[in-house]
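Number of protein chains: 2
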Amino acid sequence: MSEEPGFAGACVAVVGLGLMGGSLAGALATRQACRQVVGVSRRPETLRTALERGWIHHGTTDLIEGTAQADVVVLATPPRVVLRQLREIGPHLQAGTLVMDLASTKAQVLRAMEGLPACVQPLGGHPMCGKEQAGIEAAQPDLFAGRPFILSPLPRTSAGALEQGKALVRAVGAVPVVLDAADHDRMVAWVSHLPHTVALSLMGAAMAGAQQDPGLWSLAASGFRDTTRLAASDPDMMLDIFLTNQENILRAMNVFREQFDKLYALIEAGDEAPLRECIEAASRRRRELNL
Amino acid sequence: MSEEPGFAGACVAVVGLGLMGGSLAGALATRQACRQVVGVSRRPETLRTALERGWIHHGTTDLIEGTAQADVVVLATPPRVVLRQLREIGPHLQAGTLVMDLASTKAQVLRAMEGLPACVQPLGGHPMCGKEQAGIEAAQPDLFAGRPFILSPLPRTSAGALEQGKALVRAVGAVPVVLDAADHDRMVAWVSHLPHTVALSLMGAAMAGAQQDPGLWSLAASGFRDTTRLAASDPDMMLDIFLTNQENILRAMNVFREQFDKLYALIEAGDEAPLRECIEAASRRRRELNL
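Same order as they appear, the protein sequences are chains A and B. Residue numbering for the first sequence follows my numbering, beginning at -4 and increasing consecutively. Residue numbering for the second sequence follows my numbering, beginning at -4 and increasing consecutively.
Source of the hints: derived by calculation from the structure; they are not laboratory data. Be a bit skeptical, because a hint or two may be false.
All copies of an identical chain are treated as equivalent in the list; a pair is satisfied when it fits inside any one copy or across any two copies.
What the hints assert, rightly or not - No more than 20 angstroms apart at the CA atoms, straight line, and that leaves these computed lysine to aspartate or glutamate pairs for EDC-like: (1) K126 to E283; (2) K161 to E60; (3) K126 to D229; (4) K126 to D266; (5) K161 to D57; (6) K161 to D266; (7) K257 to E158; (8) K257 to D231; (9) K126 to D231; (10) K257 to D137; (11) K257 to E283; (12) K161 to E275; (13) K126 to E275; (14) K161 to D208; (15) K161 to D256; (16) K257 to E242; (17) K126 to D256; (18) K126 to E47; (19) K161 to E272; (20) K161 to E83.
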């Protein structure tokens, strides 16, 4: 990290050592990206696991103790826990501390960051990666490699603090993308939050179908597996996402329903030409995407 | 295949050497499961590829020539092409020939198989595996390994013909599951056809969102990739599925919409307890599934 001055000497406190926080701590520590990684977790066994793996240098269950001396604090907890923790740690932070989060929605978090003392630097963050497993057992230090990592500054965020945030993002192997919180929340509603609602509803529908035909589960192949994978995500995280990005998600859901109803009407009519056109437009675009 | 008498000496004609037919021919030939594999394709270059890979012993673009001398005929074409080919090959088949298909819907195919001459043996088939790529380039002889492979006999299908079908299924590494055509179509509507409609609609919604925010594609991560994967499936196949299993698909779509609307209402109300309950029920069931 010699090319990123101001970060190599930092003490980074990671609050929450689940999939995201555990992976971030692991990436920082194993890449020796900063001077010290302090882990904060409610559960002592999580701290033990993180210490054993060499992902943190020091662990504590005390939020204030763990963050008060840090140069960088990363809150890696669900969106609504982040809101609470920002209120709790604010008064105890050192002047100049960079306070980041990794939550899946940004507007509410950034509003809460406005309430931080003027002497600390707020910066929203959201790494665009994940998997349906939760907890430190699912964490892996290469989780961020090559992935976009959104950074959302406030007007009060200094240029230096934004650079420090970028340095942290690069240090874990990700690609920094600066994006306004409102833009972020509007865009991820389409590509992340809407897919969660769809996966949950698809599971709900199959569960209804299984009441008549319990054997249908044995016929579920890779298509069903992939389309419903997001439904297995952490319920707390999904709940917080839905409750902190309601407006954008509801708008995306309305557009999805229009598309779904259009497809329903075309299948019902059995009119081949317009049905083919509808299928081919979506199919072509999907194959063009380099996912 | 010495433990499966009546199959090792067979000449198997595979009609259509795409993802499914190519993989099946490849599995039969490379496992030396039968005496001869004859490939039938409209495109000479597909036959050349199959011959070069050792997946067929003989290839022809002539449907009648390729099937007239076979002991087993497997139609590996889209559902509505299967319907047409059954009419075309029927009068030319040898007495005792086993006629199978691999189409994703079974009721219409089985009705068409009723029209085959009394001297041949009809048996519907549907291997529960697949991927979004099409064509022989995507084919792989291990595609069926360990997967359920539905077999749907007609009342007129002899026990010996069903056993021969099971032998073929086992010969390609799959697990035979005997299922009535109507039951099959009702069940796969939930776990395969409905997910296709959902993936297409999700792509349609994101395309609408991208008109305002073209940058959203760069934020699409593994969740979006997996949830929309089925939208990249072969349009011809999707069209044929939708048009040959309309009633079951429309019913499943209606139930999906109920689930989706319920989730919408819960997010809109922002009422945490029932929203959490809805999320947790689907999430718990999804994690229980061994997919």
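Here is how each hint holds up against the structure:
1. K126 to E283: Only across copies: K126 and E283 sit 16 angstroms apart there, 23 angstroms inside one copy, limit 20 angstroms.
2. K161 to E60: neither (26 angstroms within a copy, 66 angstroms between copies)
3. K126 to D229: within (10 angstroms within a copy, 27 angstroms between copies)
4. K126 to D266: Neither: 39 angstroms inside a chain and 26 angstroms across chains, both beyond 20 angstroms.
5. K161 to D57: neither (27 angstroms within a copy, 62 angstroms between copies)
6. K161 to D266: neither (52 angstroms within a copy, 37 angstroms between copies)
7. K257 to E158: Neither. Shortest intra-copy (46 angstroms) and inter-copy (44 angstroms) distances fail the 20 angstroms Cα cut-off.
8. K257 to D231: Close across copies (19 angstroms), not inside one copy (33 angstroms); limit 20 angstroms.
9. K126 to D231: within (14 angstroms within a copy, 32 angstroms between copies)
10. K257 to D137: For K257 and D137, neither the intra-copy (41 angstroms) nor the inter-copy (38 angstroms) Cα distance is at most 20 angstroms.
11. K257 to E283: neither (23 angstroms within a copy, 33 angstroms between copies)
12. K161 to E275: Neither: 40 angstroms inside a chain and 36 angstroms across chains, both beyond 20 angstroms.
13. K126 to E275: between (29 angstroms within a copy, 17 angstroms between copies)
14. K161 to D208: neither (52 angstroms within a copy, 23 angstroms between copies)
15. K161 to D256: Intra 43 angstroms, inter 40 angstroms, cutoff 20 angstroms: neither.
16. K257 to E242: This pair counts as between: shortest inter-copy Cα distance 16 angstroms, intra-copy 23 angstroms.
17. K126 to D256: Result: close neither inside a copy nor across copies, 30 angstroms intra and 26 angstroms inter.
18. K126 to E47: neither (23 angstroms within a copy, 40 angstroms between copies)
19. K161 to E272: For K161 and E272, the Cα distance exceeds 20 angstroms both inside one copy (44 angstroms) and across copies (38 angstroms).
20. K161 to E83: neither (25 angstroms within a copy, 65 angstroms between copies)
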